[in-house]
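Trainee: Residue numbers (our numbering), protein chains in the order written: chain A, 6 to 155; chain B, -8 to 244.
Calculated directly from the structure, the hints in this document are not laboratory data.
Cβ coordinates follow ideal geometry from the N, Cα and C atoms, glycine included.
Each hint should be verified, as a subset may be incorrect.
To be verified - Label pairs and their calculated CB-CB ranges:
id	chain 1	residue 1	chain 2	residue 2	range
1	B	Leu41	A	Ala139	20 to 26 angstroms
2	A	Arg71	B	Leu113	28 to 34 angstroms
3	A	Pro53	B	Ala148	46 to 52 angstroms
Claimed, not checked - Selected chain A positions facing chain B (in silico; Cβ < 8 angstroms):
id	residue
4	Asp98
5	Arg126
6	Asn130
7	Tyr131
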Amino acid sequence: MTRKRRRLYIVALGMLSLAVAAALVLTAFEDNLVFFYSPTDLKEKELPEGRLVRIGGLVEEESIQRGADNRVSFVVTDLSNSVPVTYQGILPDLFREGQGVVAQGSLGPDGVFVAREVLARHDENYMPPEVAEALRKSGEWRPAEESAAQ
Amino acid sequence: MNRTATSSQQSGSLHRFANPARFLRLAQAVFPWSAGAMALCIAAGLYLGLFVAPPDYQQGESVRIMYVHVPAAWMALFVYANMALASASLLIWRHPLAGLIAKASAPVGTAFTFLALFTGSLWGKPMWGTWWVWDARLTSVLILFFIYLGHMALINAFENPERGQKAAAVLTLVGVVNLPIIKFSVDWWNTLHQPASVTRIGTPAIHSSMLWPLLLMALGFTFYYVTVLILRLRAEMLASRLRAMNRLAAEEG
């Protein structure tokens, strides 16, 4: 075995063991690496009351109710489970029915999620307004996004 | 310098471009073309992206930040991948140019990473409602930025430049783990950052009127990297030749 070949094997072996180590660490910490839980995760995990978490999902259609002093309540859904959310404060511009949102806060005893911060989540679709309009007319549009585009 | 020149003449085809004089001749020929292509692509990309491309149906005019943000983020990964290849060939084959390529690439990669983080933050405030979040995508890119900074610090921390290059090469190879984490973070975990639009399987999720300026900018940034790499390599070679001459003069005097 030449020295070059030996160095090649050492580097390859080093990279391989690093990759395995990284994969193990990332799998072990998976729960801490997710930025938010879906309403389904929230239900399955049965987190202790009052613990600070983030939930993410779509704002359910026709669920937004606005009150005085910037108070707003809406429902976050992942289309199989949903959580009612209340929030007081200024919402991001992209916040609409059907839009993806991430809310940070805690689950109250009544099952209502009290949010301290609400962020809008943008999806990967980029298109001019006319194309969005045409897609909506032809019916090639996911219903969850329908009101988001209006 | 003398030692590397003779060893490159002895060995095989991989070291064909390791001869500094031959490399400089090749670089000299490529340089005007890459500089010209860079200016053309970036000018056309900026014009199309800022004036011709339509506003987005949801983001409005803020979508134009993407024409800088996305190519900068691609380049941050591409330059690092290039540095990793150079570092591997330095450690394994002792390729004399490879250490200089890694050294010359690091500041360019750092700048692109910073640009991606900065423009992303500017976009995040109006769209998400926050300048910064600690989600997997943003955090892993920030780590990449710190690896770049560490590389530049480490490579200059040694009295002997070759030892510095080797130490920095090991750091670069360790940091390669981060590249797939950055790329796939948006698929593996829930993140605030949206998933990939252009490299999505099937049709890209981005309209062609927006895709063209984006690709032009990416091409322009690539030519920028090539152009700056040639300039920096030339300077590094002259500096190392100067060091060798100084050493020789000191020994004789």
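Trainee: Against each hint, give a clear statement of whether it holds in the structure.
Mentor: We went through each hint and held it up to the structure:
The beta-carbon spacing between leucine 41(B) and alanine 139(A), approximately 25 angstroms, falls within the hinted interval of 20 to 26 angstroms. A beta carbon spacing of about 29 angstroms between arginine 71(A) and leucine 113(B) agrees with the range 28 to 34 angstroms that was offered as a hint. At about 48 angstroms, the beta-carbon gap between proline 53(A) and alanine 148(B) stays in the expected band of 46 to 52 angstroms. Interface restraint check for aspartate 98(A): the shortest CB-CB distance to chain B comes to about 6 angstroms, inside 8 angstroms, so the restraint holds.
Taking 8 angstroms as the C-beta cut-off, the interface hint given for arginine 126(A) holds, the closest approach to chain B being about 6 angstroms. Hint status for asparagine 130(A) relative to chain B: holds, with the closest Cβ pair at about 5 angstroms, below 8 angstroms. Taken as an interface hint, tyrosine 131(A) checks out: its beta carbon lies about 4 angstroms from the nearest beta carbon of chain B, inside 8 angstroms.
Taken one by one, the earlier hints all hold for this structure without exception.
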